[in-house]
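S.K.: Residue numbers (our numbering), protein chains in the order written: chain A, 137 to 496; chain B, 137 to 496.
Note that these hints are calculated values from the structure, not bench results. Don't take each hint at face value.
No copy labels: a pair is met if it fits in one copy or bridges any two.
Stated by the list, open to error - Okay, derived cross-link-like pairs now, DSBU-like style, lysine-lysine, Cα gap no bigger than 30 Å in a straight line:
(1) Lys355 with Lys395
(2) Lys144 with Lys491
(3) Lys207 with Lys221
(4) Lys207 with Lys491
(5) Lys207 with Lys270
(6) Lys207 with Lys189
(7) Lys269 with Lys322
(8) Lys221 with Lys275
(9) Lys221 with Lys263
(10) Lys269 with Lys207
(11) Lys423 with Lys395
(12) Lys423 with Lys269
(13) Lys423 with Lys263
(14) Lys190 with Lys395
(15) Lys221 with Lys210
(16) Lys322 with Lys423
(17) Lys210 with Lys263
(18) Lys355 with Lys322
2 protein chains.
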Amino acid sequence: MGDATLPKPNILLAFYQEFPAAFYDEVRNRFPDAEVTSLILEPGTPIPADAAKKAAIVVTSRSLPRPEDAKHIKFIHFLSAGLDKVIHDPILTDSDVPVTTSSGIHGPPISEWTLLNWLAASRNFNKTYEDQKKHIWGKGEDYAVGIQDHVGKKIGILGYGSIGRQIARVSVALGATVYAFTASPKPTPASRRDNHYIVPGTGDPDGTLPVSWHHGTDKASLHSFLSLGLDHVVVSLPLTPQTTHLLGAEEFALLAAHKPRGHRNPYLTNISRGQVIDQGALIASLKSGELSGAALDVTDPEPLPEDHPLWDAPNVQISPHISALGEEYFYRSFDIVRENLERSRRGEPLINAYKRGRGY
Amino acid sequence: MGDATLPKPNILLAFYQEFPAAFYDEVRNRFPDAEVTSLILEPGTPIPADAAKKAAIVVTSRSLPRPEDAKHIKFIHFLSAGLDKVIHDPILTDSDVPVTTSSGIHGPPISEWTLLNWLAASRNFNKTYEDQKKHIWGKGEDYAVGIQDHVGKKIGILGYGSIGRQIARVSVALGATVYAFTASPKPTPASRRDNHYIVPGTGDPDGTLPVSWHHGTDKASLHSFLSLGLDHVVVSLPLTPQTTHLLGAEEFALLAAHKPRGHRNPYLTNISRGQVIDQGALIASLKSGELSGAALDVTDPEPLPEDHPLWDAPNVQISPHISALGEEYFYRSFDIVRENLERSRRGEPLINAYKRGRGY
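Just chain A, with the same shape it has in the complex (with noise of 0.2 Å):
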């Protein structure tokens, strides 16, 4: 009587578009105990009401299901790291559905972007890139003036989330150090420590990488954090009201006012919503110098319009909202559901879960 079998639960994958056939069969491969079935919706598209009452885990990006075919949901995994794009949706303001995110495995492929843009700035891979098309090599002159490494460089980061935790991680290792900037104030240990899920071997799960720690919410504290003479500031804070527009004209002259001496000016990275920043200033203080560059993986609006602005402000490196993606993407999601599936079974708090109310 006991060895009947039970129903395999279904993982339903909603999407906007098919996966690699491989893709499928790994995730079967994580899953032998569940039945992985997969729906291609238009994005915003409602998960029809059959499929959603057959599921017991939705994985999806912007397709949900309706709050009545959701009661038997166990839990809904966004494959994005903030739910700013579906935060009015009925399924979270009308439903206690348990909902979890991809935060935590955005750390290593957003770092590595960060550093891949603050070093073609840093050390003129235009003009290598450029030279190379050309068949031309250059002179040494050109590389030894105007370059320097980041030895002693000050990483200000906004925001020591996953991102920002692997961005100092290898800030770290490159001789520079950290100074981590949060709402709330983290003064215990406790405190410091990162919840979410962690890609193992990365990040800084103890926050113990910031030579200083600084919070607040209001702009006395961030201008106290961006005075402290730094040489980046990285941008990885959700997007809120009180975080739209947080750095504009003040803020970057404020930042170039206390650049060390010798150093370059200031460069500003944002992988977080183009909204947090004014444009327009960022464009001004990109044309004054007084920023002497900008990483920017996000805009506003997306897509940026081809006739914008900021498209060839000095200095500016623009990518299309990329930063977070690769082949790995994907398949951390999944690890993410899979330990949240066996802390369902066993009862236990899920993971990487959205406090409903907190705005992000």
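Start from chain A and add chain B according to the hints.
M.R.: Only chain B this time, still in chain A's reference frame:
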């Protein structure tokens, strides 16, 4: 009588071009007890007898004193890590004037150059750059496939000196594992230590970062190392008769044959000398896809002729022997000179001393 002023020792900087005035000021600040003079000489031109005879210390790239003029020189400091370009000069073959090098200062810039090239290749930076020039907001699909980060990748480093060690440090921060290969065995903690000058906060002073150490001077040892399933091979060996054409068709085939499943093909980085690689074989391996790419700061010959096929080999990134350059280069060199001036005054052994007869 005891207070008769001793003449200040003369530090002669013999270089092929003028430095900015601020540089001479800064160097003089570092040597309040010495007189710093400067000579501009075409590379290879000997230092005139009168200048050489007055010098206590010579700091130079390619201009050397004649042995008969060097009797009072306490040491000659070379502004490079390797001495292969001056190894047959009489001052090295027919004198015993101590010779020191700038070995140790190259870790930060060259590791940053290395990382830049890895990331530009792995994250498709050239597409991002070309798209930005054309104001094109690219598609996520173009980045989701083919891009992998460095978590779990295996980095093989041939020659584990200061450069290899800083590359190791950054690689480990990325989540990769490091394998060291050296000519002689390094079985003990003492033998794994870095005894050169180390830029503070960088490198692997105790040699604890590699997951395993390998060694040998024969083909079999090298081939066994190249069979570890490496994703990256970094050449940071000195050029000697034994390392000339160390890597060729057989080695590239071996690397490709052991590529881990699902990973890109192995990537070659050369920051040593062009002659360590069989360049014809490299071009063939890039064309066949056996190697997924190569970052070359050195070529054979240099400058690389405009019509050389290497320029357009698939997935090759070539820079004109500039990976070590940057504004810190000469300051850090003078940090070593200052350290050795103090050691010389105290009668202690010099750091970064060249051992005659070793051949590099």
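S.K.: Hint by hint, note whether the structure agrees.
M.R.: Each hint tested on the structure:
{"no.": "1", "hint": "Lys355 with Lys395", "result": "within (19 Å within a copy, 52 Å between copies)"}
{"no.": "2", "hint": "Lys144 with Lys491", "result": "within (28 Å within a copy, 70 Å between copies)"}
{"no.": "3", "hint": "Lys207 with Lys221", "result": "within (23 Å within a copy, 76 Å between copies)"}
{"no.": "4", "hint": "Lys207 with Lys491", "result": "within (19 Å within a copy, 77 Å between copies)"}
{"no.": "5", "hint": "Lys207 with Lys270", "result": "neither (63 Å within a copy, 49 Å between copies)"}
{"no.": "6", "hint": "Lys207 with Lys189", "result": "within (8 Å within a copy, 91 Å between copies)"}
{"no.": "7", "hint": "Lys269 with Lys322", "result": "neither (50 Å within a copy, 42 Å between copies)"}
{"no.": "8", "hint": "Lys221 with Lys275", "result": "between (48 Å within a copy, 19 Å between copies)"}
{"no.": "9", "hint": "Lys221 with Lys263", "result": "between (38 Å within a copy, 27 Å between copies)"}
{"no.": "10", "hint": "Lys269 with Lys207", "result": "neither (59 Å within a copy, 50 Å between copies)"}
{"no.": "11", "hint": "Lys423 with Lys395", "result": "within (17 Å within a copy, 46 Å between copies)"}
{"no.": "12", "hint": "Lys423 with Lys269", "result": "both (28 Å within a copy, 17 Å between copies)"}
{"no.": "13", "hint": "Lys423 with Lys263", "result": "both (20 Å within a copy, 25 Å between copies)"}
{"no.": "14", "hint": "Lys190 with Lys395", "result": "neither (58 Å within a copy, 42 Å between copies)"}
{"no.": "15", "hint": "Lys221 with Lys210", "result": "within (22 Å within a copy, 69 Å between copies)"}
{"no.": "16", "hint": "Lys322 with Lys423", "result": "neither (37 Å within a copy, 53 Å between copies)"}
{"no.": "17", "hint": "Lys210 with Lys263", "result": "neither (53 Å within a copy, 41 Å between copies)"}
{"no.": "18", "hint": "Lys355 with Lys322", "result": "within (18 Å within a copy, 55 Å between copies)"}
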